[in-house]
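Enquirer: We have chain A; now place chain B with the ligands onto it with these hints.
Residue numbers (the working numbering), protein chains in the order written: chain A, 1 to 327; chain B, 1 to 327.
Since the hints were made in silico from the structure, they are not lab data. A few of these clues could be false.
[Said to hold, decoys possible] Ranges between beta-carbon positions, derived for each pair:
| hint | chain 1 | residue 1 | chain 2 | residue 2 | range |
| --- | --- | --- | --- | --- | --- |
| 1 | A | Q252 | B | E249 | 43 to 53 Å |
| 2 | A | S35 | B | Q310 | 20 to 30 Å |
| 3 | A | F50 | B | L258 | 55 to 65 Å |
| 4 | B | K298 | A | K306 | 31 to 41 Å |
[Unchecked claim] No farther apart than 25 Å at their CA atoms in a straight line, the calculated lysine-lysine pairs in the DSS-like style are these:
| hint | chain 1 | residue 1 | chain 2 | residue 2 |
| --- | --- | --- | --- | --- |
| 5 | B | K127 | B | K294 |
| 6 | B | K189 | A | K188 |
| 7 | A | K294 | A | K307 |
| 8 | A | K324 | B | K298 |
| 9 | B | K298 | B | K324 |
| 10 | B | K324 | A | K294 |
| 11 | B | K294 | B | K307 |
| 12 | A | K298 | A | K324 |
| 13 | A | K210 | A | K188 |
| 14 | B | K188 | A | K188 |
| 15 | B | K324 | A | K298 |
| 16 | B | K324 | A | K324 |
| 17 | A | K270 | B | K188 |
| 18 | B | K270 | A | K307 |
| 19 | B | K306 | A | K270 |
| 20 | B | K210 | B | K189 |
[As the list claims (entries may be wrong)] Rough simulated footprint, nothing fancy, chain A against chain B, three-plus residues with beta-carbon under 8 Å:
| hint | segment |
| --- | --- |
| 21 | 47 to 56 |
| 22 | 131 to 141 |
| 23 | 219 to 232 |
| 24 | 315 to 327 |
Cβ atoms here follow ideal geometry from the backbone N, Cα and C, with glycine treated the same way.
There are 2 protein chains.
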Amino acid sequence: MAKRFPAAYYVERILAHDRLGLSRAITLVESTLPSDQELAREIIQQLLPFSGNSVRIGITGVPGVGKSTFIEAFGTFVTREQQKKLAVLAIDPTSQRTGGSILGDKTRMETLAGNKQAYIRPSPAGKSLGGVARSTRESIILCEAAGFEVIFVETVGVGQSETAVHEMVDFFLLLMLAGAGDELQGIKKGIMEMADAVVITKADGQNLQKARAARAEYQSALHLFPRTASGWSPKVAISSALENTGITEVWQTIEAYLETVQNGSYFEQKRQHQNLHWLHESIRQTLLDRFFAKPEVKETLPELEKKVLQGEVSAFAAAEELLKFSN
Amino acid sequence: MAKRFPAAYYVERILAHDRLGLSRAITLVESTLPSDQELAREIIQQLLPFSGNSVRIGITGVPGVGKSTFIEAFGTFVTREQQKKLAVLAIDPTSQRTGGSILGDKTRMETLAGNKQAYIRPSPAGKSLGGVARSTRESIILCEAAGFEVIFVETVGVGQSETAVHEMVDFFLLLMLAGAGDELQGIKKGIMEMADAVVITKADGQNLQKARAARAEYQSALHLFPRTASGWSPKVAISSALENTGITEVWQTIEAYLETVQNGSYFEQKRQHQNLHWLHESIRQTLLDRFFAKPEVKETLPELEKKVLQGEVSAFAAAEELLKFSN
Ligand SMILES: Nc1nc2c(ncn2[C@@H]2O[C@H](COP(=O)(O)OP(=O)(O)OP(=O)(O)O)[C@@H](O)[C@H]2O)c(=O)[nH]1
Ligand SMILES: Nc1nc2c(ncn2[C@@H]2O[C@H](COP(=O)(O)OP(=O)(O)OP(=O)(O)O)[C@@H](O)[C@H]2O)c(=O)[nH]1
Ligand SMILES: [Mg+2]
Ligand SMILES: [Mg+2]
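For reference, chain A alone in the conformation it holds in the complex (with noise of 0.2 Å):
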């Protein structure tokens, strides 16, 4: 185990903007030791008030979209042309590869890796989405804290975690793949809905004519849609992140997105209805952890899912057969 420190090393490095001592937190935010998560705590409570000074952003699509890819030009481009200083934090529960899916591919993000502005954090390996969730939710906080006035948040666009993401960011940016086909597939249905922009990747060469195709057919599209309560209507981009085009574009829908929302209580609003969501979403997870961890539970389960999914039983009555065992 790592060295710990008094909650008050911590608090300190952060506000002088120390990258070590930041990091040294997260670490302490994801661990599942009881006294790191309570010293994650303390440090959490006292930096709370020096939070919430950025912008986060989401990023989300499908294995080989060009997430990465994109980060690190996109990154580059929030550094060097807007001066800001980025941090990078990844959600990724799934992620097979140790370190998470961030530094894994350091050919695609050398330049923001090599950047004095920037800060990339892999996600956490081997933890549940609501534990990827959480410490991610609990590193935006130490980053605002430390200094970082952009943030983005990654996630592979195929299971739970978009939604997890599309709860704890101010902007939601999806990318997709021109010629909308099968490609797709891999898409959880309601994501589209969810975007405030979704960015056509890999518009070069031969692909520049499909992308401006697709760029079209999303915009009509996403007229269609229901409308946020923000007043936002979702934009659509096409962008190259090998030929460094439409970066720019991406960051002004951004900055549009950003004035229309401020521009009254809504972006503030947003914020505060997810505290609220996190607080019950993490007691909902608690009280079902715990309940389905119960020796009685695990053992009865698999037999009543069987009669259940045979139609033996139906679906209320077996839950309260399992809910026996509750208390």
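Expert: Just chain B with the ligands now, kept in the frame of chain A:
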């Protein structure tokens, strides 16, 4: 309190396709009295082997889109032209109208209400979504055992109830108005992507052109959506319930869907998956209800929520604080 009979009475009456017996059993299913619930459980358990033989169709759309009028026309077609016995149930937990949403507008369903082949049951009043979802699920079982071959589950597409309906039907029909503008504000994000078919309503008179244009727009938009494992791609139809047009097409679409999904294991798998969903959903709901009913939780929650909203405490720290009361 109404008279109660032994379980065998309800079971026999329902298997003899008697409506009074069915109605009485549904009343038990909807009752909150523990003795009624136990009786209901017994009836359901005995009828379970006789259930499952219907096509379950969810029908949703914003208020005023024309659900009642469409159900009147479509239901008349199903019973008269297709000669099928039809049950119409409703999930409408937010309804202020006494007697639920369906019988409220008798004028719009008068043909169907007088139709011997059709059975209309309003949404139970004054219940939570969880409660209505449960009683609707169990009513479906009762209706199937009573010989109904087609079941409509209607809901207003403005809350969580569409998701609940989506989890209990084979086919999910979304009614939409042409001129997708502000009218759509009410519908929840993600619902469009759940639809197996979209019907543009009120395609008559001045509206016909707009409806045709909307059909083309939606059809190309739906192509961009992620596909399901079913292999089905969602269809768009236009219909005028007043002029009785497009009704046959909607039925043919449902038949085409059934052909697609029954030609393999998808249909059965989806129902099994739904059963498991309700098992877990029911456990989740009960655990949460019990937790939030605890006096200490009730007392502490508002204060903690306030602190979370004001950013004084992190969502996770607040959750931990509350979870101290969980046992
Ligand atoms: N032509 C072209 N290829 C690109 C572009 N961006 C990414 N690619 C290529 O697409 C492939 C996948 O890119 P990644 O950035 O690794 O995609 P990803 O979404 O991060 O993939 P996962 O990490 O597996 O989820 C790589 O071979 C990239 O070189 C682009 O702008 N143009
Ligand atoms: N022109 C035209 N009007 C229709 C049609 N269907 C429904 N309407 C009218 O639209 C209005 C709303 O219809 P309803 O069927 O009550 O709509 P609903 O979706 O059930 O509404 P709620 O029960 O309030 O959620 C009524 O005035 C209907 O007469 C149609 O096919 N053509
Ligand atoms: Mg990647
Ligand atoms: Mg109605």
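Enquirer: Indicate, hint by hint, whether the structure satisfies it.
Expert: We went through each hint and held it up to the structure:
1. A/Q252 to B/E249: 43 to 53 Å: holds (44 Å)
2. A/S35 to B/Q310: 20 to 30 Å: With Cβ atoms ~29 Å apart, the hint holds.
3. A/F50 to B/L258: 55 to 65 Å: Since the Cβ atoms of A/F50 and B/L258 sit about 58 Å apart, the hinted range of 55 to 65 Å holds.
4. B/K298 to A/K306: 31 to 41 Å: 38 Å Cβ-Cβ, so the 31 to 41 Å window holds.
5. B/K127 to B/K294: holds (20 Å)
6. B/K189 to A/K188: holds (13 Å)
7. A/K294 to A/K307: Within the cut-off at roughly 20 Å; holds.
8. A/K324 to B/K298: Given pair A/K324, B/K298 holds - Cα atoms ~23 Å apart, limit 25 Å.
9. B/K298 to B/K324: The given pair, whose Cα atoms are some 13 Å apart, holds under the 25 Å limit.
10. B/K324 to A/K294: holds (18 Å)
11. B/K294 to B/K307: This hinted pair holds, its Cα atoms lying about 20 Å apart.
12. A/K298 to A/K324: holds (13 Å)
13. A/K210 to A/K188: Roughly 23 Å separates the two Cα atoms, so the pair holds.
14. B/K188 to A/K188: Roughly 16 Å separates the two Cα atoms, so the pair holds.
15. B/K324 to A/K298: holds (23 Å)
16. B/K324 to A/K324: holds (21 Å)
17. A/K270 to B/K188: With a Cα-Cα distance of about 16 Å, the restraint between A/K270 and B/K188 holds, given a limit of 25 Å.
18. B/K270 to A/K307: holds (16 Å)
19. B/K306 to A/K270: holds (15 Å)
20. B/K210 to B/K189: Answer holds: B/K210 to B/K189 is near 23 Å, not above 25 Å.
21. 47 to 56: holds (count 4)
22. 131 to 141: holds (count 4)
23. 219 to 232: Result for this restraint: holds, n = 8.
24. 315 to 327: holds (count 10)
Comparing the model with each numbered hint stated earlier shows that all of them hold.
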